[in-house]
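J.: From first to last, the protein sequence lines are chains D and P.
Per my numbering, the first sequence runs over residues 1 to 113.
Per my numbering, the second sequence runs over residues 1 to 112.
For the record, the hints were derived by calculation from the structure and aren't laboratory data.
Backbone N, C-alpha and C fix where the C-beta goes; we use that ideal spot for every residue, glycine too.
Simulated coverage check for chain D against chain P, where a stretch passes if three residues somewhere in it have a Cβ under 8 Å from a Cβ of chain P:
1. 34-46
2. 57-64
3. 103-113
DSS-like cross-link-like pairs, simulated, lysine-lysine; straight-line CA separation at most 27 Å:
4. P:79 / P:44
5. P:108 / P:79
6. P:44 / D:23
7. P:44 / D:3
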Amino acid sequence: QVKLQQSGAELVKPGASVKLSCKTSGYTFSTSYMSWFKQIPGQSIEWIGMIYAGDGGTGYNQKFKGKATLTVDTSSSTAYMDLSSLTTEDSAVYFCARLTAYWGQGTLVTVSS
Amino acid sequence: DVVLTQTPVSLSVTLGDQASISCRSSQSLVYSDGNTYLKWYLQKPGQSPQLLIYEVSNRFSGVPDRFIGSGSGTDFTLKISRVEPEDLGVYYCFQATHDPFTFGSGTKLEIK
Numbered sequence: 001q002v003k004l005q006q007s008g009a010e011l012v013k014p015g016a017s018v019k020l021s022c023k024t025s026g027y028t029f030s031t032s033y034m035s036w037f038k039q040i041p042g043q044s045i046e047w048i049g050m051i052y053a054g055d056g057g058t059g060y061n062q063k064f065k066g067k068a069t070l071t072v073d074t075s076s077s078t079a080y081m082d083l084s085s086l087t088t089e090d091s092a093v094y095f096c097a098r099l100t101a102y103w104g105q106g107t108l109v110t111v112s113s
Numbered sequence: 001d002v003v004l005t006q007t008p009v010s011l012s013v014t015l016g017d018q019a020s021i022s023c024r025s026s027q028s029l030v031y032s033d034g035n036t037y038l039k040w041y042l043q044k045p046g047q048s049p050q051l052l053i054y055e056v057s058n059r060f061s062g063v064p065d066r067f068i069g070s071g072s073g074t075d076f077t078l079k080i081s082r083v084e085p086e087d088l089g090v091y092y093c094f095q096a097t098h099d100p101f102t103f104g105s106g107t108k109l110e111i112k
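Using the sequences and the hints, build the whole thing.
T.: Structure below.
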């Protein structure tokens with residue numbers, strides 16, 4: 001069955017960057033889209049952007065351009081999201097989701113000095 | 001950006017009763033291909049969102065037929081008949097017709 005396993009929680013300092021991973025199995029990675037989402041605990045969910053694993057083509061929510069960079073490694077069926085210049089406002093749970101239907105368990109990112 | 005307004009904000013339901021959640025969009029969600037990319041999710045406490053309904057009224061794999069999505073254009077509804085204990089959590093509508101994709105603010109379902 002389809003599985004998305006996300007990397008573990010991160011504690012990072014303001015101004016730093018972090019790279020989150022989403023390792024997949026159970027489907028043909030290279031022919032599918034992966035979306036990423038942000039959820040501050042207790043709040044609703046925001047769509048960050050998506051990437052087509054076949055060619056690495058991306059589409060971003062304008063709000064997250066310059067903040068998030070999506071990439072894939074087809075050899076390991078893994079999607080990545082780089083978050084740069086982190087501030088406390090980036091503290092949240094980040095989810096990956098294949099076709100917005102199959103979701104990872106989420107990665108908690110805490111930005112604190 | 002498209003704004004999805006969900007009502008009510010919270011809902012307290014007796015087991016076995018019906019629950020109804022509304023999602024109203026600030027723009028029509030009919031895409032140029034004729035499809036309407038409106039989905040419903042349930043996020044149980046401490047879990048990832050799980051897809052219930054896609055394209056307004058299609059149940060995702062494994063979703064019980066107690067969950068019924070309906071609507072068109074800008075007005076959509078999720079009905080849960082015969083509410084069960086495992087239905088508690090926050091329900092979100094989500095649109096993937098217009099860029100950027102957006103979620104509603106959520107409806108919290110509690111069991112009386």
